[in-house]
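K.L.:
Next come the chains, spelled out residue by residue.
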Amino acid sequence: MPKTITIDPVTRIEGHAKITIYVDDNGTISDAQFHVTQLRGFEKLSEGRPFTEMPSLMARICGICPVSHLMASAKACDNLMAVKVPVTGHNLRKVMNMAQIIQSHALSFFHLSSPDLLLGMDADPAIRNILGVAAKRPELAKDGIRLRQIGQQMIELLGGKRIHPSWVVPGGVNAALTAEHRAAMLKEMPEIKEIVRRALNWYHPVVKHYQEEIAVFANFPTLFMGLVNKNGEVEYYDGTLRFMDSAGNIVSDGIDPSEYDTWIGEKVESYSYLKSVFYKPMGYPGGIYRVGPLARLNIASKCGTPLADEELAGFRSIQKGPVSSSFHYHYARLIEILNCAERVEDILKDDECMNPHVRAIANPNCFDGVGVSEAPRGTLIHHYRIDENGLIKWANLIIATGHNNLAMNRGVLQVARHYLDGLNPKEGMLNRIEAVIRTFDPCLSCSTHAAGQMPMQIDIQAPNGEILKTITR
Amino acid sequence: MAANGQIKIFTLKIDGKDVSARSDQTVLQVCRENEFFIPTLCHLEGLSNIGACRLCMVEVAGQRKLLPACTTMVSEAMEVTTTNDKLAHYRKMTLELIFSERNHTCSVCVSNNHCELQFLSQKLGINHIRVPYRFPKFAVDASHPYFILDHNRCILCTRCVRVCDEIEGAHVWDVSGRGIQAKVITELNQPWGSADTCTQCGKCVNVCPVGALSEKGRSVAENTKRSGFLPYLTARRKEKI
Ligand code: SF4
Ligand code: SF4
Ligand code: FES
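First to last, the sequence lines map onto chains U and G.
Counted the way numbering that gives the first Met the number 0 counts, the first sequence spans residues 0 to 472.
Counted the way numbering that gives the first Met the number 0 counts, the second sequence spans residues 0 to 240.
This is chain U alone, in the form it adopts within the complex (with noise of 0.2 Å):
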């Protein structure tokens, strides 16, 4: 008879969600869904609003993130206004999303994950959190609340406020550098550079121990999506979409962001308000493809710095062709801070940071505009429509989780395969169905919940909807 697991709630992500695994009449897994049962509603609330609300409305999406809808609103708002933003503006919007990118993946790999890969997915979830890795080695916890502080001081000293800054803006930023905060900001490089390098040394060694995990955590071959510059190096904040396909082949290429469409395709299933994104020349459901840390890293040629690019010659080392494990975002987010400390840092020692002129000022002059910059959690797509007085009449978003959304679904799947035994869960699955969710980092993941654990409940469901047997934990 076939059969329903519910998992309900996922916690330890932003959100609500939840998940459905359906076992059929053999015992065997037919298929695992990841709900998300949250609607925001951002675009339809956005109609008529004035555009230049935008990045500071959109910033509302998410209190871990703003940075990132800041950077992508911001910059749809300068196609409507059809501007050249100054060079230091989009300069120091770059220091920002690199800081943001800095705090969020400390956030991710230190907070989050480093108790799982510290104490081990099945310890007690009691101590499987930051305050355990905190007991039992505190130089990590430590370095993980420093890399995040320092991240967080950055965005404050940019734009005034660590959560909801309004200093990006259409056309810019509003406020020049000043001397003593891009010393500030100089002064940090180091520190982190340090503690990547401290992270790398412990993280190597304990990664050998996760070979099960990593041969089934989201490891299938999908495509990859992100930014590249023009050197085909990565890229957070500007430049053109590249696809990749699961041999390492670049399928398309120099795609100018305001053709996202003709590209990516939006699929509603009934089952989660997040839509399924895909690549379109390959349909639905065979465009699956990630973005975030691990595509970024395996499309790109480089890093395009020395740190970073040394580090991107291990990475590369894991598998020929592209890294298929979503296991290894843990890794591409280490290289990534290594990455943005090194970029912040030229970008900073240049006297260009100080130019005054930080801001183009226009009406708007275009009716349709497409922002894209690359969130910590991978491409983030801003798309607005305005009628003739600037106030808007569309809008869409497609947000990092939401490329991810297939393979995050087809990622649980894997697991629970692996992990459940008829209707008998092995040892340590739910743990790791929560672990594979959060290599993904979703963006309905970032919030709160730090310490603590995460409160599952599995029921097995028969098709009449009786509840044959409840797992809690």
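Keep in mind the hints are simulated off the structure, nothing from the lab.
For every residue, glycine included, the Cβ atom is placed at its ideal position computed from N, Cα and C.
Do not rely on the hints blindly, as some may be mistaken.
Calculated Cβ distances over 12 Å to all of chain G for the following chain U residues [as the list claims (entries may be wrong)]:
hint	residue
1	Thr19
2	Arg48
3	Thr51
4	Gly119
5	Ala182
6	Arg358
7	Asn388
Mimicking BS3-like on lysine-lysine, the simulated pairs with C-alpha atoms at most 27 Å apart in a straight line are [to be verified]:
hint	chain 1	residue 1	chain 2	residue 2
8	U	Lys301	U	Lys192
9	G	Lys182	U	Lys43
10	G	Lys224	G	Lys122
11	G	Lys215	G	Lys182
12	U	Lys192	U	Lys207
13	G	Lys7	U	Lys392
14	G	Lys224	U	Lys43
15	U	Lys229	U	Lys141
16	G	Lys91	G	Lys224
17	G	Lys215	U	Lys392
18	U	Lys43	G	Lys136
19	G	Lys7	G	Lys237
20	U	Lys83	G	Lys215
21	G	Lys224	G	Lys182
22	U	Lys348	U	Lys186
23	G	Lys136	G	Lys16
24	U	Lys141	U	Lys207
25	G	Lys224	G	Lys237
26	U	Lys392	G	Lys237
27	G	Lys122	G	Lys12
28	G	Lys12	G	Lys85
Covered by chain U, per the in silico footprint, the following chain G stretches (three or more residues, Cβ under 8 Å) [unchecked claim]:
hint	stretch
29	48-62
30	103-109
31	207-220
Assemble the complex: chain U is given as a structure, and chain G with the ligands must be docked to it using the hints.
P.N.:
Coordinates of chain G with the ligands only, in the frame set by chain U:
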């Protein structure tokens, strides 16, 4: 003022303190001169007073009702109370009702950090709105080439109406509807952009205490205003006449 138009000097008590005032002054003016704090929203130095917002309510000995300080003239031996629990209660309630009437989301408002309503709410310690919000649906009028009108944030203080009529002399603005239906309109309810009478001087935008009127192109928290120009402008005009 005395019947013969002669200005007299009165002595009155404010919060128990003796102060002197000219007979052509309002209670608000005298209080401000003597540094007694009274919150106001519809009052603006340089414009006529209409007593619309009711924030400046004070107690006057011998009067059963509270009186608005901005429209009450001083009188001899008047005893005024500017601060007590009852007044604090009424002022808070008034602000809460203002918030509940429209859609104020400060964090994404052009006037965030530059807003008189926000400033007063912080000063008077408003941290909850105890009445249900009405969530009205108002379209934004962005038809003007330079300015935006967002009714969602309008508090109906009518400063825009008065400045346009009394100072600029264009009288573009009016209030239409009554009670909860009231809203400011331009040129007898035509889109602002099509108002031929509008001289595009921007005085209304600069006197608006909140984020209802703003310059186009301003982002969140960028709606700084220059309302101090008014007394200066009126004084200069009087000199010329
Ligand atoms: S007008 Fe003032 S109180 Fe209203 S939303 Fe804007 S800042 Fe807040
Ligand atoms: S638009 Fe501004 S100035 Fe005019 S009534 Fe409304 S709040 Fe007052
Ligand atoms: S200031 Fe007196 S009623 Fe508004």
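K.L.:
List in ascending order the numbers of the hints, as given earlier, that are violated by the structure.
P.N.:
2, 3, 6, 7, 13, 14, 15, 23, 26, 29
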